[in-house]
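> Chain by chain, the residues run as shown.
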Amino acid sequence: MSATQTLAARQLPGQNCGVCGYRTCDALAEQLESRPDLIKRCINLSDNRVANPTTPVSEPQAWRREAPKPVFGEALIPASSDTDTLPVSGRDGGPASSWTRSQGRGCARPASEGTLDESPSRPDGMSWRDSLGREFDFYLEHFPEDPGPREIILPHNPMLTREMEIKVGDLMIGRPLGMSCGCPITHCGVAVEVDARTGVIVWCVTGPLAPREKGFKDIGYYIAEGYEGLITQTRTEIKIGMRYFFQPRLCMLQWRHSGLVNYVNRSADGLQVRLEGLWIG
Amino acid sequence: MTIYFDNSATTPVDPRVTERMVPWFTENFGNPSSLHALGRQAREAVEHARGQIATLLGARPREILFTASGSEANNLALLGTIAAGGPGPHHLVTDAIEHPAILETVHALEKQGVEVTILPVDRVGRVAPEDVAQSLRPHTRLVSIMAANNVIGTVQPIAEIARIVHAAGVRFHTDAVQAVGKLPIDLAAEPIDLLSLSAHKLHGPKGVGALYVREGVALAPIIHGGGQERGLRSATENVAGIIGFGLAAELADREMAEDNARLVGLRDHMIAGITAMCPSAYLIGDPLRRLPGHVCLGFAGIEGEAIRLLLALDEAGIAASAGSACSASHGAEPSYILRALGFDPFRARGALRLTLGRFNTAGEVEHVLEVLPKLVVGLRRIATPRP
Numbered sequence: 001m002s003a004t005q006t007l008a009a010r011q012l013p014g015q016n017c018g019v020c021g022y023r024t025c026d027a028l029a030e031q032l033e034s035r036p037d038l039i040k041r042c043i044n045l046s047d048n049r050v051a052n053p054t055t056p057v058s059e060p061q062a063w064r065r066e067a068p069k070p071v072f073g074e075a076l077i078p079a080s081s082d083t084d085t086l087p088v089s090g091r092d093g094g095p096a097s098s099w100t101r102s103q104g105r106g107c108a109r110p111a112s113e114g115t116l117d118e119s120p121s122r123p124d125g126m127s128w129r130d131s132l133g134r135e136f137d138f139y140l141e142h143f144p145e146d147p148g149p150r151e152i153i154l155p156h157n158p159m160l161t162r163e164m165e166i167k168v169g170d171l172m173i174g175r176p177l178g179m180s181c182g183c184p185i186t187h188c189g190v191a192v193e194v195d196a197r198t199g200v201i202v203w204c205v206t207g208p209l210a211p212r213e214k215g216f217k218d219i220g221y222y223i224a225e226g227y228e229g230l231i232t233q234t235r236t237e238i239k240i241g242m243r244y245f246f247q248p249r250l251c252m253l254q255w256r257h258s259g260l261v262n263y264v265n266r267s268a269d270g271l272q273v274r275l276e277g278l279w280i281g
Numbered sequence: 001m002t003i004y005f006d007n008s009a010t011t012p013v014d015p016r017v018t019e020r021m022v023p024w025f026t027e028n029f030g031n032p033s034s035l036h037a038l039g040r041q042a043r044e045a046v047e048h049a050r051g052q053i054a055t056l057l058g059a060r061p062r063e064i065l066f067t068a069s070g071s072e073a074n075n076l077a078l079l080g081t082i083a084a085g086g087p088g089p090h091h092l093v094t095d096a097i098e099h100p101a102i103l104e105t106v107h108a109l110e111k112q113g114v115e116v117t118i119l120p121v122d123r124v125g126r127v128a129p130e131d132v133a134q135s136l137r138p139h140t141r142l143v144s145i146m147a148a149n150n151v152i153g154t155v156q157p158i159a160e161i162a163r164i165v166h167a168a169g170v171r172f173h174t175d176a177v178q179a180v181g182k183l184p185i186d187l188a189a190e191p192i193d194l195l196s197l198s199a200h201k202l203h204g205p206k207g208v209g210a211l212y213v214r215e216g217v218a219l220a221p222i223i224h225g226g227g228q229e230r231g232l233r234s235a236t237e238n239v240a241g242i243i244g245f246g247l248a249a250e251l252a253d254r255e256m257a258e259d260n261a262r263l264v265g266l267r268d269h270m271i272a273g274i275t276a277m278c279p280s281a282y283l284i285g286d287p288l289r290r291l292p293g294h295v296c297l298g299f300a301g302i303e304g305e306a307i308r309l310l311l312a313l314d315e316a317g318i319a320a321s322a323g324s325a326c327s328a329s330h331g332a333e334p335s336y337i338l339r340a341l342g343f344d345p346f347r348a349r350g351a352l353r354l355t356l357g358r359f360n361t362a363g364e365v366e367h368v369l370e371v372l373p374k375l376v377v378g379l380r381r382i383a384t385p386r387p
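Chains as they are written, first to last, in the working numbering: chain A, 1 to 281; chain B, 1 to 387.
Derived from the structure by calculation, the hints contain no laboratory data. Quantities reported herein were computed from a predicted structural model and do not represent experimental measurements. Be aware that one or more of the hints could be misleading.
Stated by the list, open to error - Residues from chain A that keep clear of chain B, each with C-beta distances beyond 12 Å, as calculated: (1) R10; (2) E33; (3) D37; (4) R41; (5) P158; (6) T236; (7) I240; (8) S267; (9) Q272; (10) W279.
Stated by the list, open to error - Some, not all, of what chain B presents toward chain A, calculated at C-beta under 10 Å: (11) R20; (12) P23; (13) A257; (14) E258; (15) P292; (16) E305; (17) R308; (18) L311; (19) A312; (20) P345.
Glycine is no exception: its CB is placed at the ideal position from the N, C-alpha and C atoms.
If we strip away everything but chain A, and leave its shape as in the complex, we get (with noise of 0.2 Å):
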């Protein structure tokens, strides 16, 4: 053992508290020879020790009290073993099973009757079922041409359309809070309709690196109050006016969703539908 690392063992408390990962300082002085960084693992030990550990010890003793005799048995201490040095297995963290839009893709009937592939479960055999096990009707998808989800919402306060200045190209972040999709996850965006007389927005639904790079307008919390997408796969019939439950394909936590359809038109690449009346669940 060297000179300067005797001295750092010899900085080591006596408290044997276990926090460094050794059950005494005993084991952690003995590891110290091979291992001098180790020390750092000493909580007792200043950062200035650590860094100098050949610092000699000159801590104030002034304050120290006589401290009462234990009432309790000596402390239980084996020996010593290293924990530093657990084996990390490595272990296959690979993809699930995925499924892409475009295998549900087609419209064979016309666009009044509104049913898309009404096979009953989805091409990988899985079942329509949310993350919680509760079923649904149809995946809502994004339309092509727009970066995320479309979403109708109005800031609670809708007067911070108008305060912030909210426009067309907007980053914006909040959080649907209440009645409407209460959801837990804060969402990111871009504006893409800003009705100034009314509040309402509708911005598109994105991932948080565009904000995070770019900056944002924090609207804070808001209501959801309409959806808006295709459908291109779904197991029952839409029809305009009823509630279904849907799962929007890029929903974080994949809860399932209900809401009333109020707008279908059959397009290229899928029914394009408005969904309203918004719930989670």
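Fit chain B to the given chain A structure using the hints.
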């Protein structure tokens, strides 16, 4: 069967503690203030428990005041110190990542005219002792810095800070709710004036806490009544809870080294395993100077969806948390603690806290290492595109 990795929120009561408590509900139910035999037995048991806790802390028994919680102890420490200081001006120093039981109390005092300094922390959540030194003013009455953070697990340089504060003639309080029973605390050696602790964080029962008040420190009560606890905390003592607290403290004192060495090994194995299998994972808090069983991770790009990870883990039978259980109702908002560490508003929305305790096993850690990476991959696959 749930695997419990939320020991910073609360711990399972040690069966030895439960067993010790039961007779004090059913047979020895006396009020410690009563003069009859049942009352005297209760008094004796309460005082024995006081001694057990004092021994764990290196304190004198009469310096331990029982409260109903760590939060109450924190409130008493801050409100009581300022109230005992007479007319102002008063100045109080704390830091940005304290528990709400401190920060909200500080804000309440600020509204009453107390001058407040909130110190910043560095990227791992540490308060710089030199910042504390520079914050002190002639009318500073109290400095309150937590011993270890409940969300990120970082351990503060309490001994250094306490000496700086003591040298300036200012009272020093530490919220040690997360630290007691896990970190060595010797109040005979450190000039700490007030220290808060809670039973349910060290495998004791809920509903009982304590405040260490060093002899000679002036404190005004915030609960008035029958004059229990030297007149500083009136209310009939929670006898069974206090007895459980006492035994939990004794067990912690006796088993701390063994528990810590094992938990640090499991903790480091968990951190290494998750970060190896999830390249996006990053450790939050100090990598070494952290609580023995405390793991706090972020996952780059899906921080805002930490709650989904929690729910998925819950479905897999693993109890974890996104941060403080005390602020779970605000879980969708950016964490003030992560913001204080310099995280942007997005990264500050997501942290996964896995906290190990006495009853966790290596097999349970292996199970998490098997489940969690798959959940992270699955979550990433449904991440939304960027505009």
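> Now look at each hint and say whether the structure bears it out.
Checked hints:
1. Under the 12 Å C-beta cut-off, the non-interface status given to R10(A) relative to chain B holds; the minimum distance is some 18 Å.
2. The claim that E33(A) lies off the interface holds: its Cβ sits roughly 19 Å from the closest Cβ of chain B, which is beyond the 12 Å cut-off.
3. With a closest Cβ-Cβ approach of about 10 Å to chain B, D37(A) is found to fall inside the 12 Å limit, against its non-interface label.
4. Remark: the non-interface label on R41(A) conflicts with the geometry, its nearest Cβ contact in chain B lying 5 Å away (cut-off 12 Å).
5. For P158(A), the shortest C-beta to C-beta distance to chain B comes to about 21 Å, beyond the 12 Å cut-off, and the non-interface label holds.
6. The non-interface label for T236(A) is consistent with chain B: the shortest C-beta to C-beta separation is roughly 23 Å, beyond 12 Å.
7. Non-interface status of I240(A) relative to chain B is upheld: no Cβ of that chain comes within 12 Å, the nearest being about 28 Å off.
8. No beta-carbon of chain B is positioned within 12 Å of the beta-carbon of S267(A); the least distance is around 21 Å.
9. Every CB of chain B lies more than 12 Å from the CB of Q272(A), the least distance being 20 Å, so the non-interface label holds.
10. For W279(A), the condition that its CB be more than 12 Å from all CB atoms of chain B holds, with the nearest at approximately 18 Å.
11. The restraint placing R20(B) at the interface with chain A is violated, with a minimum CB-CB distance near 14 Å, outside the 10 Å limit.
12. For P23(B), the interface hint is violated, since its Cβ never comes within 10 Å of a Cβ in chain A; the closest pair sits about 21 Å apart.
13. Satisfaction of the interface hint for A257(B) is found here, the shortest Cβ-Cβ separation to chain A being roughly 4 Å, below the 10 Å cut-off.
14. Evaluation of the E258(B) hint against chain A yields a held restraint, the C-beta minimum of about 6 Å falling below 10 Å.
15. With a least beta-carbon distance of about 6 Å to chain A, the hint placing P292(B) at the interface is held under the 10 Å criterion.
16. With a least beta-carbon distance of about 5 Å to chain A, the hint placing E305(B) at the interface is held under the 10 Å criterion.
17. With 10 Å as the threshold, the beta carbon of R308(B) comes within range of chain A, its nearest partner Cβ sitting at about 5 Å, so the hint holds.
18. With a cut of 10 Å, the hint placing L311(B) at the interface with chain A holds, because the nearest CB-to-CB distance is about 7 Å.
19. Below 10 Å, beta-carbon pairs count as interface contacts, and A312(B) has one with chain A at about 8 Å; its hint therefore holds.
20. The beta carbon of P345(B) is positioned within 10 Å of a beta carbon in chain A (closest approach about 7 Å), and the interface hint is therefore held.
In this structure, the hints that do not hold are numbers 3, 4, 11, 12, in rising order.
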